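**Q** Residue-level listing of the chains:
There are 2 protein chains.
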Amino acid sequence: MNDNFLKACRGEKVDYTPVWLMRQAGRYMKEYQEVRSKVDFLTLCKTPELAAKVTLQPIDVLGVDAAILFSDILIPVEAMGMHLEFSEKKGPILSEPVRNKSGVDKLVIPDTEDSMPFVLETIRILRQELENRVPLIGFSGAPFTLATYIIEGGSSKNFVNTKKMMYQNPGLFNALMEKITSTVIEYLSSQIKAGAQAVQIFDSWAGILSPFDYEKVIFPYVKNAIKSLKKFDVPVIYFVNNCSGLLETVKKSGADVIGIDWRVDMEKAVKRLGKKVSVQGNLDPCVLFGPKEHIEERVQDILNKAFTARGHIFNLGHGVLPETPVENAVAMVEAVHKLSKE
Amino acid sequence: MNDNFLKACRGEKVDYTPVWLMRQAGRYMKEYQEVRSKVDFLTLCKTPELAAKVTLQPIDVLGVDAAILFSDILIPVEAMGMHLEFSEKKGPILSEPVRNKSGVDKLVIPDTEDSMPFVLETIRILRQELENRVPLIGFSGAPFTLATYIIEGGSSKNFVNTKKMMYQNPGLFNALMEKITSTVIEYLSSQIKAGAQAVQIFDSWAGILSPFDYEKVIFPYVKNAIKSLKKFDVPVIYFVNNCSGLLETVKKSGADVIGIDWRVDMEKAVKRLGKKVSVQGNLDPCVLFGPKEHIEERVQDILNKAFTARGHIFNLGHGVLPETPVENAVAMVEAVHKLSKE
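Going down the list, the protein sequences come from chains A and B.
FYI, in this note's numbering the residues of the first sequence are 19 to 360.
FYI, in this note's numbering the residues of the second sequence are 19 to 360.
None of these hints come from the bench; they were simulated from the model.
Bear in mind the structure is a predicted one, so any value in this text is a computation, not a measurement.
Treat the hints loosely; a few may be bogus.
[To be verified] Once the Cα atoms are required to be at most 20 Å apart in a straight line, the calculated EDC-like pairs of lysine to aspartate or glutamate come out as:
1. B:Lys293 with B:Glu314
2. B:Lys108 with A:Glu106
3. A:Lys289 with B:Glu266
4. A:Lys234 with B:Glu266
5. B:Lys356 with B:Glu314
6. B:Lys175 with A:Glu266
7. B:Lys289 with A:Glu266
8. A:Lys175 with B:Glu311
Using the sequences provided together with the hints, build the complete structure.
**A** Pasting the structure below:
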């Protein structure tokens, strides 16, 4: 097996810098669009054969060093008891957002095998089909990121409802965070038991918080989740979007790898994170719209800047954008492999 | 005159920490809504008596230490030759976004007195009406921030068109940036000549860039604009939204004051910015939705953290949100005054 990804997670010696792309299975790829043209998004997530199929596509097309389970971060939120829909225009919609005690009380902590068996089945299929190729990453949204969707009822601009609950009713907010944290722990533990060889926790919205709120209110929950996963011998990656103001806290999360977005300089991030964690990132996804020479230049810059890290997994600083030219994503992967061998 | 604001900009001794709020004139205030109910937004911006009236409202209601010209950052973009509209739902819309050479060629560098006389007239009225109260701040969008609107045609999620032009056609992008920079310099110079006692440059979207792109592609333009304003003896404030990854570059801008958003710790920001600039900020606007005791606690925290700065002007880390309770904004201003005297 190509285990460069797992080695880099642990800070072991690698043959070259491993690379994968957040949202590497997706709309920018014609193979994905073909599958997606026949089923809606949620059906795709919930049909193990299809979810496994699109998970594998970027392994073949891009030549990346890891596969990541195809799913949606709101799958466990639906399993907690909320009604989930996807609108082409607005993205995810959770009707009846949770903003009071009865809403929080109604949420359950789902058993993954009972209420999301398709996720575990997808993992089992993938482990079989991937054998001797690349490792499989499982994932979940971080507690706070899931909380924003639960409270806002979908995406948000200013997250006013989330912060209102935080400031006006910290008791209620904490009760919600506890339920979500238990869900995340159960969900990721089940993924690992089913065969995930690493897990990534996506804190896509942590970066809307002041460092004050992040450290005092949010961080204990995600740290607790990561701690609970330590008993499994698989690397935990903690990706914090818009992390620049938060790294001194993020460093203490206990994760093996810190995933960083593109709005922070990799060299500064490595210095701030220290030698006890590996780093993942952090090319601006929009660079993939530029010419190949420019992509190479930017890949080289990040490789240089991450050179002193304990380990480095190359990635974008956020998910692949839908209009990205596939050949440029391929060029990026090739550049990472070629330049990091030199 | 209460000149604590101007003194803090220059790093001189103050009686207490001066405070104003970005978007302090706006929808959250019933006095504003009353004026706005009679005219549309652009008419309000372009009618000096009304623009002056709403500029003065927060001075009376909140007791802030500075007034800021009421206008919209896209006013000079309209004067450059674009068609500007405001949609209640989508915000500003610039029809025919500029994405090629003929689009850039068509843009003019407007003379403020000729094409935006209402702005200068508003300033003249305000200086008369404000006499012996507080200083008046003029403002402009920063070159890059204006470029994003010109290229995207309005607000954007991922700024793909802007970055595409940056990466695919740097020559064209630079030509556009030069025209905008000349416009900003002319616009702010005219505001100062008309009586603005300080100016703020809003780089609302600089924080979507990697530090790499910000420093190499964007920064020279805004630095040049600030340099051109140095001949006037008025403080220049440079506000960079989502600045955490950019402060080492921002520090070199030549601005007298650096305005920072809430996603960076004030103490760290002060250390990174050094002793040659004053700082402005940086309370999360959403804190104003919380209880007054919590507002006081957060004000105290920021005052403590900014204590070693050359000078500190208290502000929010971004504009006041529309649903903000006015009494909480008043409580914030009172807390800043009271706690900073202690």
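**Q** Next step is simple, just say for each hint if it's right about the structure.
**A** Structure-based check of each hint:
At roughly 27 Å between alpha-carbon atoms, B:Lys293 and B:Glu314 are farther apart than 20 Å, so this suggested pair is violated. Of the supplied pair hints, the one linking B:Lys108 and A:Glu106 holds, its CA atoms being roughly 17 Å apart against a limit of 20 Å. Between A:Lys289 and B:Glu266 the CA atoms are separated by roughly 15 Å; this keeps the pair inside 20 Å, and the hint holds. In summary, the hint linking A:Lys234 to B:Glu266 is not supported, as the alpha carbons are separated by about 27 Å, beyond the 20 Å threshold.
At roughly 10 Å between alpha-carbon atoms, B:Lys356 and B:Glu314 fall within 20 Å of each other, so this suggested pair holds. Pair hint B:Lys175 plus A:Glu266 does not hold up; C-alpha atoms about 28 Å apart against a cutoff of 20 Å. Between the alpha carbons of B:Lys289 and A:Glu266 the distance comes to roughly 15 Å, so the proposed pair stays at or under 20 Å and holds. Distance restraint check for A:Lys175 and B:Glu311: the Cα-Cα separation of roughly 26 Å exceeds the 20 Å cut-off, and the hinted pair is therefore not satisfied.
Checked against the numbered hints given earlier, this structure breaks hints 1, 4, 6, 8; the rest are met.
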